[in-house]
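Model the full assembly from the supplied sequences, consistent with the hints where possible.
4 protein chains.
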Amino acid sequence: MIIIMKPGAKPASIQNVIKTIQDHGLRAHLSEGDQVTIIGVVGDKARLAHSNIQLAPEVEKIVNVTESYKLANRKFHPDDTIIHLDHTQIGSGILTVMAGPCAIESEEQLLSTARAVKKAGATFLRGGAYKPRTSPYSFQGLEEEGLKYMKTAREETGLKVICEVTSARAIETAARYVDMLQIGARNMQNFELLKEAGKTGIPVLLKRGLAATIDEWLNAAEYIMSEGNENVVLCERGIRTFETSTRNTLDISAVPVLKERTHLPVIIDPSHAAGVRAYVAPLAKAAVAAGADGLMIEVHPCPACALSDGPQSLTFEDFDHLCQELRPYAALAGREF
Amino acid sequence: MIIIMKPGAKPASIQNVIKTIQDHGLRAHLSEGDQVTIIGVVGDKARLAHSNIQLAPEVEKIVNVTESYKLANRKFHPDDTIIHLDHTQIGSGILTVMAGPCAIESEEQLLSTARAVKKAGATFLRGGAYKPRTSPYSFQGLEEEGLKYMKTAREETGLKVICEVTSARAIETAARYVDMLQIGARNMQNFELLKEAGKTGIPVLLKRGLAATIDEWLNAAEYIMSEGNENVVLCERGIRTFETSTRNTLDISAVPVLKERTHLPVIIDPSHAAGVRAYVAPLAKAAVAAGADGLMIEVHPCPACALSDGPQSLTFEDFDHLCQELRPYAALAGREF
Amino acid sequence: MIIIMKPGAKPASIQNVIKTIQDHGLRAHLSEGDQVTIIGVVGDKARLAHSNIQLAPEVEKIVNVTESYKLANRKFHPDDTIIHLDHTQIGSGILTVMAGPCAIESEEQLLSTARAVKKAGATFLRGGAYKPRTSPYSFQGLEEEGLKYMKTAREETGLKVICEVTSARAIETAARYVDMLQIGARNMQNFELLKEAGKTGIPVLLKRGLAATIDEWLNAAEYIMSEGNENVVLCERGIRTFETSTRNTLDISAVPVLKERTHLPVIIDPSHAAGVRAYVAPLAKAAVAAGADGLMIEVHPCPACALSDGPQSLTFEDFDHLCQELRPYAALAGREF
Amino acid sequence: MIIIMKPGAKPASIQNVIKTIQDHGLRAHLSEGDQVTIIGVVGDKARLAHSNIQLAPEVEKIVNVTESYKLANRKFHPDDTIIHLDHTQIGSGILTVMAGPCAIESEEQLLSTARAVKKAGATFLRGGAYKPRTSPYSFQGLEEEGLKYMKTAREETGLKVICEVTSARAIETAARYVDMLQIGARNMQNFELLKEAGKTGIPVLLKRGLAATIDEWLNAAEYIMSEGNENVVLCERGIRTFETSTRNTLDISAVPVLKERTHLPVIIDPSHAAGVRAYVAPLAKAAVAAGADGLMIEVHPCPACALSDGPQSLTFEDFDHLCQELRPYAALAGREF
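If you read the sequences in order, they're chains A, B, C and D. Residue numbers for the first sequence follow our numbering, beginning at 35 and rising by one. Residue numbers for the second sequence follow our numbering, beginning at 35 and rising by one. Residue numbers for the third sequence follow our numbering, beginning at 35 and rising by one. Residue numbers for the fourth sequence follow our numbering, beginning at 35 and rising by one.
Errors might be hidden in some of the hints.
One copy or two, either will do: identical chains are not told apart, so a pair holds if it fits within one copy or between any two.
[To be verified] With a straight-line cut-off of 30 Å between C-alpha atoms, the simulated DSSO-like cross-links for lysine-lysine are:
id: 1; residue 1: K44; residue 2: K104
id: 2; residue 1: K182; residue 2: K104
id: 3; residue 1: K40; residue 2: K109
id: 4; residue 1: K233; residue 2: K182
id: 5; residue 1: K44; residue 2: K109
id: 6; residue 1: K152; residue 2: K229
id: 7; residue 1: K40; residue 2: K233
id: 8; residue 1: K104; residue 2: K229
id: 9; residue 1: K229; residue 2: K182
In case anyone wonders, no lab produced these hints; they're calculated from the structure.
This is the structure:
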């Protein structure tokens, strides 16, 4: 932590800051410039966290030197995290493709989709049983009944299954049926939910919030990890900007930024980012080329009949075609698919 | 709902859309332009909600004519909602000032603040017992112990008390101690929480999400109201933009926009919007001048010692001075304070 | 300038940075923390500007301690700038109201507006002769003919007149007719235009770019001032965000932020910010309450006939009513109007 | 154009709108819903452009059905535009790589870079002679001297050369030396400059403004094209968002969106988008995979000595390595490189 004093700060103000630092058992390192005095804090800055030193007289600003997330930080864990689930894995040398409908609507809809995405190459089936919808009058999901269909699909196809959870109660139920929990964008800073997901020990896919910075996102991952669950996968799904041609703006740069800052796997959801079916394939290829560990893609037997997100869903045929197109890109990126 | 066909759409595509509309028991109204054909849908469009008509061949786009929120919509409820709490009220002719610390830290801290803000003119004491913090290593709140102090403060001063809730469990506990529940920005689209808050019947202050449009915010209010709780107050607290001089960007225009679209009271939180103590007073005055029904302001006996949000908290003296400055502005705006 | 090294940076990397600093005739101040080493640079950092020291091995990041704008900076010029134009002024104790049509359409349109806004209390007439329009097929302005009408209006009413300029040629022409030049939002970083406006010595109103940070805006003002023209007024007119209920989002916090960072006068344009006539009055009142030095408001004899920006223009009657409403707000804010 | 009336609009208001439409020689098509009446306008809506019909009594909103850009619109020009320059081309089946320093600093710097990028596979040399810099105290470019070095580099290497222009005067000078003009992000809506560039007939690379929507960008292209110059290439270089990990946020989705809306070639500048050298390669690969027609990349003989944008520049070796990596991606995307 570095404390920058206002230009021409009085010696008494500088001494006051130094004393505060020392009173917390830390060392202050003084650097007097021509215009500005800077005070470095040496030691564990957590001790100063509640001192609000930025309110001391003539303090201009505080610069934090170290990130507040530790477990998710590549600096303290240089090797890539690999999440093993039986015969499959997420991370390092594998391209993981998760596919399925936005919302689970019926057993037949889910099973037919499971068979189709399995055949095309997916290793995970996605499907929403608890749907966070903007309007209370939209379809809200089949809840536990949907989870039962997920389990059936898993048993029949051997796919791993992942489902979004939106409350502690949903986590408790879902934990009995699925291989992986998903925390959605709207709940990325629902810290109670993050802690509950952390306690289960089940792998968690954490979607980025619509307006979350990458550092806030990594701090959200830290909530899950600090409960003892280090099996976290980050999923970029578009951020909110002024551009309205797409539902959200896919922040493709998040892939290399995350690869630098964290050891956790990173996957991309081009369906929610684009919101338009025709843009899903180019964004999926871009994601693989940028170095993503996987993709999450919406697929529906009949997009025009879907109860949620039809316009961005691929048909079985579209998805099969996309998987074929993706194979050589995965190979170039050094990933098995 | 209006359906705009692509230029030169084939008659078969147009007939297909018309048939879909009629199959849902609605009437289609055809308007053939030189370049473009437009089809109006007459009747209850909710019947079409799951038809994904935008995926039909040669459909260019869909334009919704009516809002999806009903209970919060001024069109169907022209008169201002007034929320009555014993001898005080929120809305219509009153400027409601809520003040207190970001986080409840001790009984003494809370009681001294309650006395000071009451004296200056506040009618509500705010204070956080459950704190959603970006990092899991920051102070997370005193929970039920903090709520007990709130109750004590209420009994001693006669102030109404409001506290943020972050989980169904917190709502259950808080309901025994407070007059009003607060849903924070990070939980604005935590729909499970909104529904739980709706079920209590206790007045709810709903903060705007960092990246929520005004229409998404009104839909979030609709979640609470559709559970039978119409006592909702909207609180603008800054949105996320590219500008970093302030913690968030206060969207002051939200006041007149909301006054047009909804009958619910609107209050402004200049403390979280600014993130800097010196900007709180000018923004508070601007809010009153723009027509807000109230203010929520952070006050702390010793901002430099605060466990949370110290830099944006006012001292007792600052707050007292601000209230004096606000009085003539409230009078100009036709509000008692 | 502060240089933060990566955790565990090697002594050779640290020595390399120190040597670079010393080679530029500056002093390096070393601060070794437990995890991180920090190097302060003492002396005129401009000497280091081209050294790209952030590319040196094991440098984590660079923190700038001082702003790059000097002439616009309140630190070096603590007193408010007042711009005197004959019997009127902008800044300090005065509320300056500029009003008029978006585009000058005819002599009669401009003169009737001039008379009406003068009567209501404006001291400046605004009117566009060179219109930067999103589409090349929209009305582009009357150019010099429009400027002549401005001059006529000035002579008849005694109002000062201001007009937007969009090219060096337009500046040359406008300089013969108007009292103040306006640089629009789209040209805020058209640095050639800023320099040309700087050379004229005529007062300049500099609108904020749609996506310009406050610091970029002050650097744009610095371009004008560094040509010897210190008569610059800053005009906030809304920034681009995700919210679409208003044409732009008025950043009302810019008023207190600018008052802290610069000595230049600050005015608000609620018309372009809102884009909707009904929101202009509440935003104008908020601007005065927040401490703005003035307002720029679009007024048109017949908004429904306007060739540009009709939806956000006030009628004569609306404007007169608004001026009456603003008077007590101006008085409260300590400004003559 | 569709006009949506307010719920319960009076017959007189509806008749008034119909009359206005008919008075402009157009046909009105009435569609009366249960709640809302909608009026379609049949005919050339340009006739209505100045009528401000949205201000008529009880009009709720106006929906535009057709885009305002025509020459740039794929609807009226379905085939891809290919820009031919002697033996090379931009668009359709080719991956065009433009590379070079941000700013031209010396003949030796430019020539050595030209040789290196030519050898690696670039067909265009980029280099700035007129630099729009945020602060007036930063290096502003060598101007005509720099252009002479560009010409020398072209003659020696056979590369095509492109240079940013920032004023009418710069266009006049640059036209004598370069093969292609670049309009930078800050000048995307400097309409005078666009018109001047249009008049030259020289191919123009138009960068997207920091906060420009895709439709505004296409309208800016329309300004150039409407002067008779149809050789326009669009260059996405990152938009401004709340995320600060990268200098800007690369909007990779702009590639498929533009491919749908326009026939003009699209290239990506990953250097300015990222602002960080390590992110350039993954973004460049993503751009090719998403379907871009080319790349513009900053290369410098010594990034650590660069007078501008050093942190985001590649060394010769980096660039050569990137070109080798890009080749199989170009092949997969069906492009020669």
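Results for each hint:
no. : hint           : verdict
1   : K44 with K104  : between (37 Å within a copy, 22 Å between copies)
2   : K182 with K104 : neither (37 Å within a copy, 34 Å between copies)
3   : K40 with K109  : between (32 Å within a copy, 10 Å between copies)
4   : K233 with K182 : both (23 Å within a copy, 28 Å between copies)
5   : K44 with K109  : between (38 Å within a copy, 15 Å between copies)
6   : K152 with K229 : neither (32 Å within a copy, 37 Å between copies)
7   : K40 with K233  : neither (46 Å within a copy, 33 Å between copies)
8   : K104 with K229 : within (16 Å within a copy, 35 Å between copies)
9   : K229 with K182 : both (25 Å within a copy, 25 Å between copies)
Comparing the model with each earlier hint shows violations of hints 2, 6, 7; every other hint is respected.
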